[in-house]
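Participant: Position chain Y against the provided structure of chain P, taking the given hints into account.
If you read the sequences in order, they're chains P and Y.
Here my numbering is used: the first residue of the first sequence is 1, the next is one more, and so on.
Here my numbering is used: the first residue of the second sequence is 1, the next is one more, and so on.
Everything labelled a hint here was simulated from the structure, so no lab data went into it.
Copies of one chain are not kept apart here, so a pair can be met inside one copy or by any two copies together.
Keeping only pairs whose Cα atoms sit at most 30 angstroms apart, straight-line, the calculated DSSO-like set for lysine-lysine is:
hint, residue 1, residue 2
1, K80, K322
2, K106, K80
3, K3, K322
Note that this is a predicted model, so its numbers are computed, not measured.
Protein chains: 2
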Amino acid sequence: MDKKIIGIDLGGTTVKFAILTSEGEIQQKWSIDTNILDEGSHIVPEIVASINHRLELYGLQPEAFIGIGMGTPGSVDRDKGTVIGAYNLNWKTLQPVKELIEKGTKIPFAIDNDANVAALGERWKGAGDNNPDVIFITLGTGVGGGIIMEGQLLHGVAGCAGEIGHITVDPEGFECTCGKRGCLETVSSATGVVRVARQLAEEYAGDSALKQQLDNGEDVSSKDIFEAAQANDPFGLMVVDKVCFYLGLACGNLGNTLNPSSIVLGGGVSAAGEFLRERVAAYFAQFTFPQVTESTEIKLAELGNDAGVIGAASLALQFAAKA
Amino acid sequence: MDKKIIGIDLGGTTVKFAILTSEGEIQQKWSIDTNILDEGSHIVPEIVASINHRLELYGLQPEAFIGIGMGTPGSVDRDKGTVIGAYNLNWKTLQPVKELIEKGTKIPFAIDNDANVAALGERWKGAGDNNPDVIFITLGTGVGGGIIMEGQLLHGVAGCAGEIGHITVDPEGFECTCGKRGCLETVSSATGVVRVARQLAEEYAGDSALKQQLDNGEDVSSKDIFEAAQANDPFGLMVVDKVCFYLGLACGNLGNTLNPSSIVLGGGVSAAGEFLRERVAAYFAQFTFPQVTESTEIKLAELGNDAGVIGAASLALQFAAKA
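Same shape as in the complex, but just chain P:
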């Protein structure tokens, strides 16, 4: 029997698990609630118990597995397998995740941050078509990403490679939580889209139901804005155009410097689908030189919530290949 892989996607609300083949096909999926009580001290023991319970259920031994891979929030030391500063897990101090999971399951364990791991997933089994050069951007509450070049996930000297949300797209733009100005995240995360709308509303004088909602102080979401635009609200279209301008500029410069086969857009804001993609691609074409415009594609993510567990499995596979 071919050996299997366990992929784990650790989030602030749930921990998703999957057992996958070495080809990346999901065979079993399950999840547990993330128990962040007591400084998140129950999280790793509950992950270990859940894995062992499943193995027992299916009558599988640790030897049946190539490894376990996991994506996590926070700062990761990949070699030591530790995590620190994952605030949505209440992990403020250093967590020896690898040590505890390997001890508890007897299966080799590899870990990386969640955006990098999702990038590995989309590259392997999603929109990246298993190409060696793929960039993944997740447009959610924040904007994150992962960069895979020549088949390798890039980390950089301090692990900050792939922090696509902090590309400066407007030197005089909005202040960002990171301390600088004009980060992509300030204008293309879910809250960023609303921020752009509020700014443009100040000077927009035409007729627009969306603009009225904003002026009335109603709660408007990124989803509302994209829906208004798709229903041809002229102000909504203006906001979406501005957001796509910034995304196209950031993607363009990633294309000009890295020339991946694809830049994949995922996360909640990308639910706008082709409506978003085609507008980003148009600005991307404007901001790239011809060979890049022709060879680098802007694509939509394909794996949805499974990107994490699939990418985690890919991480385990790469770790095993190096060991």
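Facilitator: Quick look at chain Y alone, frame taken from chain P:
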């Protein structure tokens, strides 16, 4: 006896050669004129003859060498070892460089484009301190570069990775030869610096010898502008500040997305030295988030004209390791 490496830096005026140890120490250097007559058809045969002549001179056999590496202008097919479109060599049609050099010298041969090869050189024996993540930017007649991450030179799907000169630093900026607007090259190459000066001169009203020279239609070079700025010409300082703003923005976004240990500035414009570096570094700090500001350094190139032959030797070494 340890095996040696031959590094070749092929340029439009001269071909530089070096024999290096496997540690990257140059033992011998020589050069020949580049003979671009007859569609550049003499170039490769003359390279072969020059190598064989040297080997004979030193009583060395082909077996004494790990390999030959070469940096070249034009579009390179690294696997096939061919070059096309190197216009300063008169190479308009496909040149089977690897085939001819391996046949003529009996030594394994590897080739890549000149900016990538110079990046390998600076990374190995220059400002890059042999770190796994180093970006090199050459500020010359044009602006080029090379990106090394996780110890690997990045190429991208169509070989355009590292085209740092075409990062868009101003969406409404000057037209570039590549067809788009606001490329870093249009404002930070040797001609770009002068272009920025001419634009700013239109609105500058203060006293400045440099501004007068421009207004008088005198021939002003990038070097003149940096010299005026270093002599405290207020207009010169304003031009240099603008150029460094654009360089800091481009370097900042390279830092935010790749987080290399260093971004190394080379080429003619970088002759301004620390005066340039410290200004670029100040804008870099403004355009990067704290972890990148702290971990990625802006440095000056250290190898000068030797970057090419040293990088070519590094290329030969990597090629031999993979073979």
